[in-house]
Amino acid sequence: MKRPRDSISLKKTLVTGATVSLAVLVAPALADQQPQWRSGAELYNNVCGYCHKPEVGVGTVLQGRELPVEYLKVMVRNGFNAMPAFPASYVDDAALAELSKYLASLPPLPPKPTPPPAKPRPGASP
Amino acid sequence: MTEPTNAVLPRGVTQEEFAEALEKFRAVLGDANVLVRSEQLVPYNKIMMPVENAAHAPSAALTATTVEQIQEIVKICNAHRIPVYPISTGRNFGYGSAAPVQRGQIILDLKKMNKIIKIDAEMCYALVEPGVTYGQLYNYIQENKLPVMLSFSAPSAIAGPVGNTMDRGVGYTPYGEHFMMQCGMEVVLANGDVYRTGMGGVPGSNTWQIFKWGYGPTLDGMFTQANYGICTKMGFWLMPKPPVFKPFEVIFENEEDIVEIVDLLRPLRMSGTIPNSVVIASTLWEAGSAHLTRAQYVSEPGHTPDSVIRQMQKDTGMGAWNLYAALYGTREQVDVNWKIVTDAFRKLGKGRIVTQEEAGDKQPFKYRAELMSGVPNLQEFGLYNWRGGGGSMWFAPVSEARGSECRKQAALAKRILHKHGLDYVAEFIVAPRDMHHVIDVLYNRTDAEETRRADACFNELLDEFEKEGYAVYRVNTRFQERVARSYGPVKRDVEHAIKRALDPNNVLAPGRCGIDLDSYRKS
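Those protein sequence lines, which keep their order, are chains A and B.
Here the first sequence is numbered in the numbering used here, starting from 1 and rising by one per residue.
Here the second sequence is numbered in the numbering used here, starting from 1 and rising by one per residue.
It should be emphasised that the hints constitute simulated quantities derived from the structure, not laboratory data.
Computed from a prediction, not measured in an experiment: that's the story for all the values here.
One thing to keep in mind: the hints can contain errors.
[Claimed, not checked] When the alpha-carbon atoms are kept at most 20 angstroms apart in a straight line, the in silico DMTMM-like pairs for lysine to aspartate or glutamate are as follows:
| hint | chain 1 | residue 1 | chain 2 | residue 2 |
| --- | --- | --- | --- | --- |
| 1 | B | Lys362 | A | Glu70 |
| 2 | A | Lys53 | B | Asp518 |
| 3 | B | Lys408 | B | Glu357 |
| 4 | B | Lys491 | B | Glu460 |
| 5 | B | Lys414 | B | Asp335 |
| 6 | B | Lys350 | B | Glu464 |
| 7 | B | Lys414 | B | Glu464 |
| 8 | B | Lys241 | B | Asp335 |
| 9 | A | Lys73 | B | Glu255 |
| 10 | A | Lys53 | B | Asp306 |
| 11 | B | Lys408 | B | Asp518 |
| 12 | B | Lys366 | A | Glu98 |
[Unchecked claim] Simulated restraints, written as ranges between beta carbons of each label pair:
| hint | chain 1 | residue 1 | chain 2 | residue 2 | range |
| --- | --- | --- | --- | --- | --- |
| 13 | B | Arg168 | A | Pro68 | 36 to 46 angstroms |
| 14 | B | Thr342 | A | Glu70 | 53 to 63 angstroms |
| 15 | B | Asn191 | A | Glu66 | 27 to 37 angstroms |
| 16 | A | Thr60 | B | Ala411 | 35 to 45 angstroms |
| 17 | A | Glu70 | B | Ala344 | 51 to 61 angstroms |
| 18 | A | Arg65 | B | Asn191 | 50 to 60 angstroms |
| 19 | B | Glu122 | A | Glu70 | 44 to 54 angstroms |
Glycine is no exception: its CB is placed at the ideal position from the N, C-alpha and C atoms.
Please construct the entire structure, taking both the sequences and the accompanying hints into account.
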């Protein structure tokens, strides 16, 4: 989607002085609006993965489970318990399709080892 | 074209009137940016509050990409008396998320306005649009190797600075009081005018993000936690990245220690020895963000008994209070301040200090250190798994940074929460003089009885704290009218006088923070 560039960004970022170092310091504004997410990996690494990557452990692990895009869409649009919902302005359908493909390309987690015996729950009753 | 019947309508607006307004919105935005189908609107209606979703259901959502479009939208809203609820990224979890304050309001979703207009790493500021997220900013700073650091709240990666600052949210770095670091905003007013605060009205000015005050009345604050305008650009200051960052934790065994912790911290914060927004987290906050769940310890309903919490402390090494802070600066500065800090705790004779070297990648130290150094993560969402079920409300009374006051507030909150079968899951966010006493009222929203209890609990928390002269600094949309009453009638009269002057048709988010010309009556 094209959108007009902001006059401030043009004016202010062009006045960056002569030196290369200053040009780096005064970073240019982003170009015209990009496609929402460049890939499924980018979406996963910048949104979903913050909870759902195996090493994080906040949300259910998604990788390698071949979750169909329809399933992802229901979860993302409705949310589930504490999982927030995301409208299309944040994550559009095309990005979800890419996400589904990307998740399927990741290896599934190895089966969990047998858990140790449950801890006693001393003092469970007041 | 035959207009389908809308299931939800704005208050006092007929189906025909609404259809006419929607056609005008489509002319401005295009069909794809006027959302009325239920499957399009459902993401805006996911809430964590103890009330039916229907109470906060939108009638439509608009996605705009330019200031000019927003100017046109407010004109249409005025012409048809359509109430419009602007959101930036809609990630205000526990405060209402993306849902409108009143049923039937249309959402104005600004997520697609996601341009980082400027980052000036010499003058250390940013100017952004509402849809920019902290995660986006972080990536941009990293990719361009800019020597600056962000400050954000815990939903950092997916939330954004405009929404957080407009709600006067806080973070964990030395720039953690975000509204204090805001400098210059652009606001579309209800009449369609575009107002720039501070130096922003001066043609050719290059100090809009440099000097906050401008000339005459300084009105930035008037637009935060309010409904007088739609913020379309915001400037804020960035902290220069320090050469040395030294996070640390101090673990205290007993609940009563809060008095000494706070009284020890206050002078260190006042003097700037510890420059950042320190956190003092309770055991259950620590537990939730480290992936412990209530079900691992307790199967009975109700609050988690103190005996279980003490057992959790023994099992895990967590304290009754867990203090996280950091030092920033050159090696010499950090070394000097580290000596002052450690000497202070040694003199107190309490508190086990944990450094980054000792903690390694252990949670929750790791995510706390990241938040204090401007690295986004969502680790704290582990709190939502503590009890499960997706219910969360932030009860956040302001406290003096005085130990006896913190103890009093903690005891009062815990008593009320336990009475309603819920847990005290809290942190104090420490400024030099004040504390944000942030309590996550967690409950199972899929359990109707527990949801009713949570609602009653929140009401009682507000009532009982008010009797002691305490009030919250921010609250979810269900309780905004109630909290507005805590601050007295004159303030409300002034707020409504401003509303009448700037938005006489009451179209901008009526009800936000209790400001609503239709329902407010001067006392």
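Hints violated by the structure (numbers, ascending): 1, 2, 3, 4, 5, 6, 9, 10, 11, 12, 15
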